[in-house]
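**Q** Respectively, the protein sequence lines represent chains D and C.
Counting from 1, one number per residue, gives the positions in the first sequence under my numbering.
Counting from 1, one number per residue, gives the positions in the second sequence under my numbering.
No lab work stands behind these hints, which were simulated from the structure alone.
Careful: at least some of the hints might be erroneous.
[What the hints assert, rightly or not] Straight-line C-alpha distance at most 25 Å; calculated DMTMM-like pairs for lysine to aspartate or glutamate:
| hint | chain 1 | residue 1 | chain 2 | residue 2 |
| --- | --- | --- | --- | --- |
| 1 | D | K238 | C | E47 |
| 2 | D | K199 | D | D137 |
| 3 | D | K238 | D | D270 |
| 4 | D | K92 | D | E149 |
| 5 | D | K199 | C | E127 |
| 6 | D | K5 | C | E127 |
| 7 | D | K238 | D | E258 |
| 8 | D | K225 | D | E77 |
| 9 | D | K199 | D | D106 |
A quick note: this is a predicted structure, and the numbers were derived from the prediction, not measured.
Listed below, chain by chain, are the residues.
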Amino acid sequence: MRFRKYGLLVSVLLVSLLLLTVQTRGGGTGRAGELVALVVTPAQNLLVKIHRGAVGLWTAYVDWKSVRSENVVLRAESERLRVQALQAGETKQENERLRRLLALRDRLPLATLAGEVIGREAGGWVRSLTVNRGRGDGITQQTPVIVPEGLVGRVVQVRGRAAVVQLLNDPTSTVGAVVQRTRTAGLVEGDVGGTVRFKFMARDGAGVGPGDLVVTSGLGALFPKGLPVGRVVAVEDKGSALFHFALLAPAVDFSRVEEVLLLTGQTPQDVAGLFPSDG
Amino acid sequence: MRLLFFVMTFGGSLAQSSIVPALSVGGVTPDLPLILTVLLALRRGPEIGCAAGFVAGLLQDVAGGGLVGVQAVTKALAGFGVGMLVGRLWLANPLVQVPGLVLLTLGEGVARFFLLQLFHYPASLGELMLHVILPQALYNGFLGAACMLAAAAAEALRRGRTWI
């Protein structure tokens with residue numbers, strides 16, 4: 001009995017270490033991740049639909065309760081109209097988001113694919129989204145992901161019908177970027193606090209200040225040039241250090257992203273002019 | 001029993017990526033699979049705790065996009081450890097449950113950090129403790145205690161006894 005307990009523990013530890021070793025030697029999560037994802041992805045899709053339905057129902061219930069004090073004759077009509085308005089309001093907001101996404105897609109000189117967020121990981125160790133587009137839709141690793149406001153992140157894992165998107169504020173995320181006004185080059189990094197910062201060489205960044213827009217540099221041919229990343233909030237004075245850091249306000253509110261565009265094509269063109277510059 | 005195991009591990013991991021973000025307080029989310037692993041370990045011992053932690057951690061790793069296997073290791077160890085403590089500590093007492101879950105989450109977080117250091121995870125332990133591990137530990141402590149009280153109440157009702 002005792003041997004079985006420790007035997008099981010040793011077995012699971014060995015399996016986990018084997019998985020980690022296979023990944024770091026370039027094997028990827030391979031079959032194990034695919035098999036798990038085959039079961040997980042449809043359930044995630046279903047769960048997010050149930051969750052949204054439940055939230056809509058609860059909102060409708062709370063608002064229905066608030067009109068109970070009105071007179072009896074108007075109450076039934078008022079409840080009916082309020083429920084209709086809430087449903088219409090939610091649909092309208094979703095329509096607005098999708099229209100903006102479609103407008104961006106039409107403007108971009110790139111092949112794009114729209115996707116819906118079906119899962120989130122925001123614990124701090126990892127910050128990511130799961131979208132309902134995968135290998136079957138032609139998505140590959142490192143595919144950039146954007147919304148009308150700017151860059152969201154990149155695809156780091158692709159499965160049959162879903163993909164995991166690493167957000168810009170993930171601690172292991174790094175993106176080549178420049179300050180649009182001064183052309184100071186550097187790296188945008190995430191950290192565990194959920195913030196985003198711009199790392200640049202001190203000698204190049206004398207003119208960087210609050211309000212400056214930071215966009216992707218296009219170097220490395222991973223992200224198109226000119227995708228908005230964020231605006232400088234403050235510059236940390238590190239004195240004589242080689243690198244300085246600027247705290248950024250991300251262009252995108254990652255907690256509210258529900259639909260995204262995945263960039264499946266490439267362009268050498270600077271796309272900065274296709275995004276709002278006042279964000 | 002198998003149904004309970006399946007629902008708690010699989011359902012908990014799915015809920016972590018789908019519903020738990022909505023429970024965020026100041027950017028802090030609870031670690032629901034860890035809480036459910038502890039509950040299973042308390043009821044069924046170290047083997048079930050270890051297996052539940054392994055499965056829940058593996059599912060979390062796959063859904064989150066990080067290295068697969070890290071949380072499988074830490075949660076398997078957590079489940080095994082809690083299972084071994086059954087009968088040795090007064091675990092039914094909320095005065096033990098809340099600090100116990102806080103300490104367990106801290107320990108699991110520190111273990112995860114040292115394991116990730118083997119793969120050059122860039123964040124420092126101080127930053128992780130301040131922004132992730134400590135806040136989550138506090139959230140887990142209270143949420144986990146509430147779950148345990150609810151489970152005890154349900155068990156007592158099932159047996160037709162008062163639980164206060």
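**Q** Now look at each hint and say whether the structure bears it out.
**A** Evaluation of the provided hints:
| no. | hint | verdict |
| --- | --- | --- |
| 1 | K238/D with E47/C | violated, 51 Å |
| 2 | K199/D with D137/D | violated, 35 Å |
| 3 | K238/D with D270/D | violated, 32 Å |
| 4 | K92/D with E149/D | holds, 19 Å |
| 5 | K199/D with E127/C | holds, 18 Å |
| 6 | K5/D with E127/C | violated, 36 Å |
| 7 | K238/D with E258/D | violated, 38 Å |
| 8 | K225/D with E77/D | violated, 54 Å |
| 9 | K199/D with D106/D | violated, 33 Å |
Consistency note: the structure conflicts with the earlier hints numbered 1, 2, 3, 6, 7, 8, 9.
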